[in-house]
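Chemist: Throughout, this note's numbering is defined as the position within the sequence shown, counted from one, plus 16.
No wet-lab data here; the hints were simulated from the structure.
Careful, some of the hints might be misleading.
Stated by the list, open to error - Label-pair distances were calculated between CB atoms; the ranges are:
| # | residue 1 | residue 2 | range |
| --- | --- | --- | --- |
| 1 | N21 | A81 | 15 to 23 Å |
| 2 | A62 | N21 | 16 to 24 Å |
| 3 | E31 | A84 | 14 to 22 Å |
| 4 | F35 | E63 | 17 to 25 Å |
Beta carbons: idealized from backbone N, C-alpha and C, even for Gly.
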Amino acid sequence: LLGVNCESHENYLVETLKFSEVNPGFQELLRGAASGLAALGLAGHAEAVDSLLTIGIPSHDPTRAPVALAVGTV
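Model the full structure from these sequences, guided by the hints.
Modeler: Structure below.
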């Protein structure tokens, strides 16, 4: 998130978000990954916002709420 190797860090956040979506009990991990992608979106990385929307639109709770907050932040 500091401008070094952003692509692999972003990929890690996306994979973490996907993991926490299908494995209940990882709500803190889900929130952290969504917040990280929101921070990247605020820094101008449109692909981070695309990832949030791709994962968030078809999702159900408990995934939808943190992703919606992250998208709203951007």
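Chemist: Against this structure, judge whether each hint is valid.
Modeler: Going down the list of hints, with the structure as the test:
Separated by about 30 Å at the C-beta atoms, N21 and A81 break the suggested range of 15 to 23 Å. In this structure the supplied range 16 to 24 Å holds for A62 paired with N21, their Cβ-Cβ distance being about 18 Å. Roughly 20 Å separates the CB atoms of E31 and A84, a value that falls within the hinted 14 to 22 Å. Here the CB-CB span from F35 to E63 is close to 19 Å, well matched to the stated 17 to 25 Å.
Comparing the model with each numbered hint stated earlier shows that hint 1 is the single one that does not hold.
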